[in-house]
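**Student:** Sequence:
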Amino acid sequence: MQVERISADITLKRKPKTGKQAYNMLIESLKAEIQEKQKILSNLTQDNVKQKFIENWNPTTRSVNIYDM
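In our numbering, the protein residues as written are 70 to 138.
For the record, the hints were derived by calculation from the structure and aren't laboratory data. Cβ coordinates follow ideal geometry from the N, Cα and C atoms, glycine included. Where hints are given, some of them may not hold.
[What the hints assert, rightly or not] Pair ranges (Cβ atoms, derived):
{"hint": "1", "residue 1": "Thr80", "residue 2": "Leu110", "range": "19 to 25 Å"}
{"hint": "2", "residue 1": "Arg131", "residue 2": "Glu105", "range": "20 to 26 Å"}
{"hint": "3", "residue 1": "Thr87", "residue 2": "Lys121", "range": "21 to 27 Å"}
{"hint": "4", "residue 1": "Lys82", "residue 2": "Tyr136", "range": "19 to 25 Å"}
Produce the complete structure using the sequences and hints provided.
**Tutor:** In structure tokens:
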């Protein structure tokens with residue numbers, strides 16, 4: 070069976086005292102990060118944002134910073 074490797078840097082809000090608490094904090098952090106990524110994806114799929122991205126694209130670009138203005 071092939072297993073996918075998933076990698077993420079997750080910051081916990083505080084130091085957990087138990088494994089269950091650590092697990093719950095991990096889930097909370099992941100949910101918050103996913104919600105933020107869904108918001109970014111929603112904005113990027115808007116036609117005007119898509120067009121602006123395409124217009125400003127440069128083939129030498131290696132990374133992209135996305136921020137809300």
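**Student:** Given a hinted range of 20 to 26 Å, is it respected by the beta-carbon distance of Arg131 and Glu105?
**Tutor:** holds, 23 Å
**Student:** That 19 to 25 Å hint for Thr80 and Leu110 (C-beta), does it hold up?
**Tutor:** holds, 22 Å
**Student:** Are Thr87 and Lys121 spaced within 21 to 27 Å by their CB atoms?
**Tutor:** violated, 47 Å
**Student:** Lying within 19 to 25 Å: is that true of the beta-carbon distance Lys82 to Tyr136?
**Tutor:** holds, 23 Å
Hint 3 alone, counting from the list given before, is not met by this structure.
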